[in-house]
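A.B. asks: Residues per chain are reported as follows:
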Amino acid sequence: MKQILKVRQLGLDRYLKAKLHAGWMMACLVLVMLLPFILGVGLLLKSEMLIRDHSLLDLIFSKEWKPLSGEFGFYPFIVSSLWVTAAALLIAGPVCLLTAIHLTQYAKKYVLRIMHPVIDILAGIPSVIYGVWGILVIVPWISNYLGPFFGKTTSGYTILAGAIVLAIMIIPFILNILIEIFRNVPDELSEASLALGATRWQTIKFVLLKKSTPGIISTFGLGISRAFGETIAVLMVVGNVAIVPDGLFQPGYPLPALIANNYGEMLSIPSYDSALMFAALILFVVVIVFNLFARALIIRTDKHN
Amino acid sequence: MNNTKITVKNLDLMIGKHHILKDINTSIPEKKITVIMGPSGCGKTTLLKSFNRLTDLYPEVRLNGQIMIDGKDVLHTREDITKIRKKMGLLAQRPYPLPMNIYNNIAYGLRISGRKRKVWLSKRVEFYLKQVSLWEEVKDRLKEPAARLSIGQQQRLCLARGLAVEPEIILADEPTSSLDPISSQAIEEKFIELKQRYSIVLVTHILRQAKRIADHVIFMYLGRIVEQGPAEEIFNNPKKEITMSYLKGKFY
Amino acid sequence: MRKMKYIEERFFRVLMFLSTCLIVLVLFLIVFSVLYKGLPALSWEMISQVPKGGFYFGKEGGILNAIVGSLYLSVGATFLAFVIGLPVALFMNVYLVKHKKLLNTIRFFLDLLWGVPSIVYGAFGFAIMLFFGLRTSLLAGIITVSLFIIPIIIRGMDEVFKSVPRGLLESSLSLGSTRSETSYRVFFKQGIAGVITALLLSFGRAIGDAASILFTTGFTDHMPSGLSQPVATLPLSIFFQLSSPIPEVQDRAYASAAVLVFIVLIISLLSRMFSNVYHKNKIQF
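Residue numbers (my numbering), protein chains in the order written: chain D, 1 to 305; chain H, 1 to 252; chain X, 1 to 285.
Hints may contain errors.
Said to hold, decoys possible - Cβ pair distances, simulated, as ranges: (1) TYR110/D with ARG117/H: 40 to 48 Å; (2) ASP187/D with LYS239/H: 45 to 53 Å; (3) PRO39/H with LEU15/X: 42 to 50 Å; (4) ARG117/H with THR213/D: 26 to 34 Å; (5) GLU79/H with LYS98/X: 54 to 62 Å; (6) GLN49/X with GLY151/D: 16 to 24 Å.
Since the hints were derived computationally from the structure, they do not count as laboratory data. Just so we're clear, the structure is a prediction, and the values are computed from it rather than from any experiment. Here a beta-carbon is modelled for each residue, glycine too, at the ideal position from N, C-alpha and C.
Next comes chain D alone, as it looks inside the complex (with noise of 0.2 Å):
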């Protein structure tokens, strides 16, 4: 009935576009929300044939990476993960919020104008030249003059190689979002602890970084999982040796470059593919870990107040 007087309403003509293009809409959003779904059981599907053969507990802290033989240890690969990961925060990490703090507390308009192409661009930047510069400059600076410095003799192609220039790339990711957070303190709690007699910088350690502390942590947490994920910047530069770093100074290789460096060969031996697939699953599993976590604080605290 309701249907009839819509049509007497429009005319049939218009009456069905509307419902095609909300039927399209609808589709391509149910597509949509569908697909981290469909990638979370596809990769579970394609490794399962590795989950069925062999322990968790054995696929994560075996260290005998063996291919051949049928042997799959990943602790090597998550352990270079870590590191890259956890290097490339502690670099990027402080300078992000230094930079965030002087760009919305100190410095003029002017050159919030100019670093916000700067971040753009660096944002934009494709990984694959981030690794050809790592490889020009990093590499060799590690090689001939770090390296040295520290008294280790090294090529150069290092987790070190890899933590610097994952921490170039994360840097405008989160940079972005600290600046959007600092901005939403308003001025006015500053002004607050500055009437009573507090300094700028008092105001700012215990004021802002105090209000901002959920949504520093979790931008930090978003940080780190787009820094687990990167591939070919990293894959270019951290050597790509499948043993357990213990330093800096050493290769490593991470889960992605694993995934990567190995797609030609994995056909031919089936549980080879399914533990690529096994690799990308973890990948998959932390970074919608690490998500969750920080959205959830976010949502939380925005409740709070």
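Given the coordinates of chain D, work out where chains H and X should sit on it, guided by the hints.
C.D. replies: Below, chains H and X alone, put in the same frame as chain D:
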């Protein structure tokens, strides 16, 4: 008129290309309530914030002229700005409790100025919470985040926080505009009580509030002071056309 | 003792200033060092020819195949993502405006998808490809890359449509337009410059990403000849040439990198232009 607490001479304030305050000359009497009135956007709040140089926070703001507190120019001084600011407590339009618990909101200003002894601090906290009649309501929940208090309670907390650093002047920027009538009344009554010991500068656009508590009135329009003087005079015999029509409620 | 608090502030201000400079410096260093190494090796031959026999041993030829391949791939992927993304973004802002909770959930999912690394999409795309019995091809690449940029494109357009004033929606509906007409005639028109910005950004992502196409596009020395054929791309061509031990080939990798940097800078410039247009035209209340 008795002693003046604040004297402003030829004050101009620019934000970028906008001329916000134009040639302000005025004096604020000691231990009285001075009300700054005027339609919104006339520069009341900006004037208030330039008294304790909160305008420093914004790099685009340029100030010219003189603001003297107790005869000392605060704009061109080499004295530590934090000391000058501590002389003035600020109460904003909405309460902005600091992101910490109730206790620390009061203790913050004291700790900043180097007072760290716990016993002394808790005594002070209790004292100032009692000053604003908040002690009974919060004494069992001092460790709770200040944001959990009601808006009216928060505003009283902010007042206590300002009083705790022992200022001589209270700067209040439409402090009741976000409050319910009862909380507003509580704040107004507090002000009348406090003027025994403090010089109070109150920005408001509520005419009736101004009439209730003002001793001295400054009327501003489009960045200039149009008229100023004792409250009775301004309210009963305004000399300027524009003041008259504002008092009649012709515009806000 | 009094002075201490100011010394600390000074120290940190210097540090903050330096870290801001560092970021600017790094950007210049990246662009400069890639161009410095790449420009000398860049020649007309490089960008106008496909690899000839012996190209990978330093003999003649160029990377035209990769440049064209990358453009095909990115245009295709951006188009596919747009066809799926635009309706979603419109649907969210025209049909679902009232359902705040649902909207937040959708945005949450999109942000999740955005965070998934491109290598995961690559592996997934590869699995799908095998499942359907496809070979490495332009089409497989387009599908994989579009999966990867869909969340970016939707969130970009979502931000644009979100800022279209509610009043415009209400007045359009009250004039008797259907919601779908409102979507395309009012919202899309209103936000067109912003939509183009979102498209350009996604295009930039698509053309620069290597990890998602590593498995799916394959590689060829010929010009792309069809959706079902393998195709060369710039990032992969840089990657492969750089792993060669021959210096001439490595130099060409730098030249190709310079080409890619150029493309990305142009895209960034364009999107900045459109975003300025968008901000000027935006109706504000």
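A.B. asks: Does the Cβ distance between GLN49/X and GLY151/D fall inside 16 to 24 Å?
C.D. replies: Because 49 Å falls outside the window, the suggested range is violated.
A.B. asks: Given the range 26 to 34 Å, decide if the beta-carbon distance of ARG117/H to THR213/D lies inside it.
C.D. replies: Between ARG117/H and THR213/D, where Cβ atoms are some 28 Å apart, the hint holds.
A.B. asks: Verify the CB-CB distance for PRO39/H and LEU15/X against the hinted window 42 to 50 Å.
C.D. replies: The hint (42 to 50 Å, Cβ to Cβ) holds, given that PRO39/H and LEU15/X are roughly 45 Å apart.
A.B. asks: Just tell me: holds or violated, for the beta carbon distance of ASP187/D and LYS239/H against 45 to 53 Å?
C.D. replies: Distance hint for ASP187/D, LYS239/H is violated at roughly 37 Å.
A.B. asks: Given the range 40 to 48 Å, decide if the beta-carbon distance of TYR110/D to ARG117/H lies inside it.
C.D. replies: Given about 46 Å between the Cβ atoms, the range holds.
A.B. asks: Take the C-beta atom of GLU79/H and the C-beta atom of LYS98/X, compute their distance, and say whether it sits inside 54 to 62 Å.
C.D. replies: With Cβ atoms ~57 Å apart, the hint holds.
The structure is inconsistent with the numbered hints 2 and 6, although it conforms to all the rest.
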